Amino acid sequence: MSSHAGTIDHHHDPSTSTGIPNKKLLMWAFLASDCMFFAALISTHLIYRLHPPAGGLDPKIVFSPELTSFSTFILLMSSLMMALAVTAIQKSNVKSCRWSLLATILFGMIFLGCQVYEFNHFVFEKKMTLSNSLLGTTFYTLTGTHGCHVAIGVIWLSLMYVRSFKPAPVAGQARAWFTKNLIHVVVLFALLLLSLKTMLGLVHAIQVEPTLGIAFSHFLKAEYLALLGALVSGGILISFARNSGPVDFNEHHAIDVESMGLYWHFVDIVWIVIFTAVYLLEYLK
Amino acid sequence: MDLAQSAPLTKDNHAPSAQPTVLWVPTAKTGLMMWLTTVDHKKIGFLYGFFALIFFLVGGFEALLIRAQLMFPNGTVLTAQQYNTMFTMHGTTMIFLAVMPLSAAFFNFIMPLQIGARDVAFPRLNAFSLWTFVAGAIILNIGWFIPGPNHGAPDGGWFGYAPLTSKTYIPKHSIDYWVMGLQLLGVASIAASLNFIVTIINLRAPGMTMMRLPVFTWMTLFTAFLLILSFPAITIALVMLMMDRNFSTVFFEVSGGGMPVLWQHLFWVFGHPEVYILILPAMGIVSEILPTFSRKPLYGYPIVVFSGASIGFLGFAVWSHHMFTTGLGAVATAAFSLLTMCIAVPTGVKMFNWIGTLWNGRLMMRTPMMFALGFVWMFMIGGFSGVMHSAAPADAQQQDSYFVIAHFHYVLIGGSIFGLLAGIHYWFPLMFGRQVSEFWGKLSFWLIFIGFNVTFFPMHFLGLNGMPRRTFTYDANMGWNTPNFIASLGAFLLGIGMFTYFAVMAYTFFKGKKVGKDVWDARTLEWSLPNPPPEYNFRVIPTVHARDAFWYEKHHQDEIAKEQAEHGKAEADHGGIHMPNQSIWPFVASFGLLIVGVGATYFDSDWSPGIHAKLGTVLLGGAVTLMGIYFWAIEGNAGYHLHLDEHGNPVDEKHAKH
Chain A
1 MSSHAGTIDH HHDPSTSTGI PNKKLLMWAF LASDCMFFAA LISTHLIYRL HPPAGGLDPK
61 IVFSPELTSF STFILLMSSL MMALAVTAIQ KSNVKSCRWS LLATILFGMI FLGCQVYEFN
121 HFVFEKKMTL SNSLLGTTFY TLTGTHGCHV AIGVIWLSLM YVRSFKPAPV AGQARAWFTK
181 NLIHVVVLFA LLLLSLKTML GLVHAIQVEP TLGIAFSHFL KAEYLALLGA LVSGGILISF
241 ARNSGPVDFN EHHAIDVESM GLYWHFVDIV WIVIFTAVYL LEYLK
Chain B
1 MDLAQSAPLT KDNHAPSAQP TVLWVPTAKT GLMMWLTTVD HKKIGFLYGF FALIFFLVGG
61 FEALLIRAQL MFPNGTVLTA QQYNTMFTMH GTTMIFLAVM PLSAAFFNFI MPLQIGARDV
121 AFPRLNAFSL WTFVAGAIIL NIGWFIPGPN HGAPDGGWFG YAPLTSKTYI PKHSIDYWVM
181 GLQLLGVASI AASLNFIVTI INLRAPGMTM MRLPVFTWMT LFTAFLLILS FPAITIALVM
241 LMMDRNFSTV FFEVSGGGMP VLWQHLFWVF GHPEVYILIL PAMGIVSEIL PTFSRKPLYG
301 YPIVVFSGAS IGFLGFAVWS HHMFTTGLGA VATAAFSLLT MCIAVPTGVK MFNWIGTLWN
361 GRLMMRTPMM FALGFVWMFM IGGFSGVMHS AAPADAQQQD SYFVIAHFHY VLIGGSIFGL
421 LAGIHYWFPL MFGRQVSEFW GKLSFWLIFI GFNVTFFPMH FLGLNGMPRR TFTYDANMGW
481 NTPNFIASLG AFLLGIGMFT YFAVMAYTFF KGKKVGKDVW DARTLEWSLP NPPPEYNFRV
541 IPTVHARDAF WYEKHHQDEI AKEQAEHGKA EADHGGIHMP NQSIWPFVAS FGLLIVGVGA
601 TYFDSDWSPG IHAKLGTVLL GGAVTLMGIY FWAIEGNAGY HLHLDEHGNP VDEKHAKH
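Residue numbers (the numbering used here), protein chains in the order written: chain A, 1 to 285; chain B, 1 to 658.
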C-alpha cells in the first residue's frame with residue numbers, strides 16, 4: 001500500500017483497479033453530483049429572469065459589478081494558492097503547503113466577506129430581500145448556496161491546516177495531540193470569525209463616517225473587543241506554529257489535500273459560471 | 001460470526017496511551033453496540049434489508065386501507081383527509097423506504113462479493129448512509145405520532161406538487177416532515193451511491209475487467225450514477241419548497257411571479273430517472289437468476305449491459321412525458337413523446353436477451369426462477385402500457401386515471417418487487433445458510449402472482465372508463481363497482497401472499513433447512529464463499545479468468561487451488577488480511593442530522609418560543625453532526641490485520657482486547 005518517502009507516484013495508485021486513488025474518484029463523482037445541484041439552481045434563476053414578473057426589480061439597479069469582479073478575482077487567485085498547496089505537499093514541503101493553505105483560507109474569507117457585505121448592501125440599500133421579489137428569491141438562494149460551499153471549503157482548509165501539525169511518533173511512541181488539536185481548531189475558527197467581524201466593522205465605519213480619522217476611532221470603539229480577540233488568537237496560532245516538532249504530514253497525505261483542492265477548484269468554476277450568468281449577462285444588451 | 005479474536009494492530013501503530021478515551025475503538029462483536037458501530041458491508045446490507053421490509057409491510061398496510069376504502073362505492077373506511085395521507089405515504093414509503101433500501105441491501109451485501117472485494121471503498125461512509133437513511137425514514141413517518149391540528153403524516157402526494165404543498169394550502173407541518181425526510185434520504189442515497197461507484201470502479205479483483213462484471217454489479221453502477229445525477233434536482237426543488245414554506249420566498253408563489261410548472265420540471269427530472277433507479281436493480285437480479293437456473297450463460301451479455309446504459313442515459317431525457325397535459329407546446333411534447341418511445345427499445349432488447357437466455361436452456365423451476373419468470377412476463381405487460389402512454393394524445397386520456405395506476409404497479413410490483421423477491425429467495429442461502437422450502441416458496445409465489453394480477457388488471461379498464469386517481473370515493477352509478485370490488489379482493493389475496501412470503505422467510509431464518517455452499521450451482525463469485533460469508537469475505541482475493549467466474553473456477557479446480565495458494569502466501573507475507581476498525585462516529589453524525597431534522601420541522605417558525613426552540617435544536621443537532629464528522633476524521637481509517645488458520649478462523653488471540 002504505502003511506499004517509502006520520495007517514491008510516490010501521485011498520479012497512480014497501484015492498490016486500485018484503475019490506478020486512480022479512491023478518494024479522488026469519490027470527489028470526482030461527488031462533483032458530478034454537485035454540478036446537478038448548481039445546474040438546477042442556475043437554470044431556475046435564468047428561467048425566472050427570462051419570465052420576470054411585471055414590476056419586478058431590475059438587477060442592473062441592484063448589482064454592483066465592480067465589487068463582484070473584485071471578489072471573483074480573489075476567488076480565482078485562491079485557486080492558484082490551492083494548487084500551490086497541493087504541489088508543495090506532494091514534495092513533502094510542509095511549510096510551503098501551510099503558507100499556501102493559509103493564503104487560500106484568507107482569499108476564501110475575503111470572498112465571503114464581500115458576499116456578506118453585498119447581501120447586506122442589497123437588503124438595506126437596494127431593498128431587495130429574500131421574500132419581496134422573485135429576483136431576490138432566486139439570487140439569494142443561488143449565491144447563498146454557493147457561499148455555503150465556500151464556507152465549507154474554508155472549514156475544510158482550516159481543519160487541514162491544523163491537521164498538518166499532527167506530531168510524528170518519536171522513537172516509535174505516538175505523542176498526545178488530541179487536546180492541543182481541538183484548541184488549535186477552536187482558536188483558528190475564532191480568528192476567522194473575529195477578523196471577518198472587524199473587517200466588516202472597518203468597512204462600515206469608513207462608509208458611514210465623513211473622514212478617515214473619525215471612522216477609525218469609531219471603528220476602534222465599536223470593535224476593540226473583536227480586534228483584541230483576533231490579535232490574541234493570531235498570537236496563539238503563531239506560537240503553535242513555531243513550537244511544533246516533527247510532524248506526521250507529508251506526501252503520503254497529498255491525496256487528502258488534492259481531493260480538497262478538487263472541491264475548491266470546482267467551487268471556483270461554479271462561481272465563474274454564476275458570475276457570468278447571473279451578473280454579466282444582465283449587461284449584455 | 002466468531003471473529004472476536006482479532007488483533008487490534010492499528011495501521012498507524014498508535015500506542016494506546018496516546019489516544020484520548022473519546023477515540024476508543026469499538027470491538028463489540030455482538031449486541032446493539034456491534035450493530036451501531038459496524039462497518040461491515042454485509043451487516044449494513046442486512047440492516048438495510050431489515051428496515052426496508054418493515055416499511056414494506058407498513059406501505060402494504062396503507063395500500064390495503066386504500067383498497068378497503070375503494071372496495072364499495074361511497075366507502076367510509078377512511079375520510080377524504082385520511083385517504084390523502086394514505087396514498088401519499090403509500091407511495092413515498094414504497095419508493096423511498098421499501099424498494100430503494102431493499103435494492104441498497106443487495107448492493108451492499110452482494111456487489112462487493114461479486115467483484116471479489118473485502119468491503120466497499122469507504123466502510124464508514126457506508127455506515128453513515130445507512131443511519132442517515134434511518135433518520136430520514138423516522139422524520140418521514142414522525143407525523144403519525146404527533147397528534148394535533150398542526151401536525152400529522154404527509155398528505156400532499158408523493159409528487160408534492162407545489163404550490164398545493166405551500167403554506168397557503170397545507171399550513172400543517174406534515175409537508176415539512178415530508179420535505180426534511182426526503183432531504184435526509186437524498187443525503188443517504190447520494191453518499192451510498194458515491195461509495196458504490198468507487199467500489200465498483202476501483203475495488204475489482206485482479207482479472208475482473210469491466211466487461212466481466214456480473215450484470216447485477218453493472219446495474220448497481222448504473223443505478224448509482226442515476227442517483228447521484230438525479231437526486232440533486234429534487235433536493236433543490238425541496239429546498240425551494242422549504243424556503244417558500246419557512247422563509248416566505250416566492251419560488252412557487254404565483255402572485256410573486258413564481259411558476260408552478262417549475263416544480264413539476266424539477267420533480268420529474270428527478271422522478272423519471274427514479275423509476276429506473278427502482279427497476280434497474282431488479283433487472284440486474286433477474287439477469288443473475290435466469291442464467292443460473294437455465295444452466296446457460298446470459299445471452300448477449302454486452303447488449304444487456306449496453307441496454308442498461310442506454311436506459312440510464314435516456315432516462316434523463318423523458319421526464320416531460322409526466323407533463324403532457326401541462327401545455328408544454330407541440331414541439332416539446334412531440335420530442336418527449338419520441339424519446340419515450342425510444343426508451344422502450346433498450347428495454348425490449350433486454351426482454352429478448354432474457355428470452356434468449358431461457359431458450360434451449362435446461363430450466364430448473366425453483367422458487368427464485370418462478371419469481372424471475374414472473375418478473376419477465378409482468379414487467380413486459382407494464383412496458384406495453386408504458387408505450388401506450390408515450391403517445392401524447394392517448395396519454396391525455398389516460399392521464400390521472402386508474403390506467404396509470406395499473407401501468408406503474410405492473411412495472412413496480414410486477415417488475416421491481418418481483419425482482420427483489422426473487423433476489424431474496426436466490427441469495428437467502430448465501431446470506432443465512434438456510435433455504436426456504438420449495439413448497440412454501442412456490443405457494444407464496446402463486447398467491448402473490450394471482451393476487452397481484454387480480455388487483456391491478458381490472459384497473460386498466462377502470463382507468464379507460466374514466467375513474468380518476470387520488471380520489472377518495474366514487475358514486476355507485478359510474479359503472480366502476482365490479483372492477484373495484486375485484487381489485488380489492490385481489491389486494492387482500494396479494495396481502496395474504498406477501499404475509500405468507502415473509503412468514504416463511506422468518507421461519508426459515510430461524511428454523512429452515514441448513515444448506516452447504518453454492519446451493520444453486522451458480523456462476524458468480526459470491527457463491528464461492530462459505531455461508532454465511534465470513535467477515536473478511538475472501539480468504540484469498542480471487543483472480544478472475546472468465547465472465548462466469550465461479551463456473552470457471554469449478555471447472556479448473558487445480559489451476560485455481562495452485563493460484564490461490566500462491567496469492568494467499570504473498571498476502572500473508574504482506575501482513576495478512578486488512579480489516580477496517582469499527583466506528584461509532586458515522587452513527588453520531590447521522591444522529592445529529594436526525595436532531596436537525598426534527599428541530600427544523602416540529603417547531604413553528606412564527607411563534608416566539610417556537611423559533612427559539614427550532615434554532616436551538618437545529619444548532620444542537622448541527623453541533624452533534626460536526627462532532628461526529630470531526631472525530632471520524634481524527635480517528636482516521638485505521639484497521640487491524642487478520643491471520644487465518646487452515647479452516648479460515650482468525651488466529652493471533654493474544655491481542656483480543658485492549
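No lab work stands behind these hints, which were simulated from the structure alone. In this text, all values refer to a predicted model and were calculated from it rather than measured experimentally. Take these hints with a grain of salt, some might be off.
The list that follows gives simulated cross-link-like pairs (lysine-lysine, DSBU-like), each with its CA atoms no further than 35 Å apart [stated by the list, open to error]:
1. B:K43 to A:K23
2. A:K60 to A:K127
3. A:K197 to A:K221
4. B:K513 to B:K554
5. A:K24 to B:K43
6. A:K166 to B:K29
7. B:K167 to A:K23
8. A:K127 to B:K514
9. B:K562 to B:K511
10. A:K126 to B:K554
Outcome of the hint check:
1. B:K43 to A:K23: holds, 24 Å
2. A:K60 to A:K127: holds, 14 Å
3. A:K197 to A:K221: Holds, at about 14 Å.
4. B:K513 to B:K554: holds, 25 Å
5. A:K24 to B:K43: Between K24 (chain A) and K43 (chain B) the Cα gap is close to 27 Å, so the pair holds against 35 Å.
6. A:K166 to B:K29: holds, 31 Å
7. B:K167 to A:K23: The hint is violated at about 42 Å.
8. A:K127 to B:K514: Distance ~73 Å between K127 (chain A) and K514 (chain B) Cα, so the pair is violated.
9. B:K562 to B:K511: Violated, at roughly 38 Å.
10. A:K126 to B:K554: violated, 76 Å
Hint compliance for this structure: hints 7, 8, 9 and 10 are broken, all remaining hints hold.
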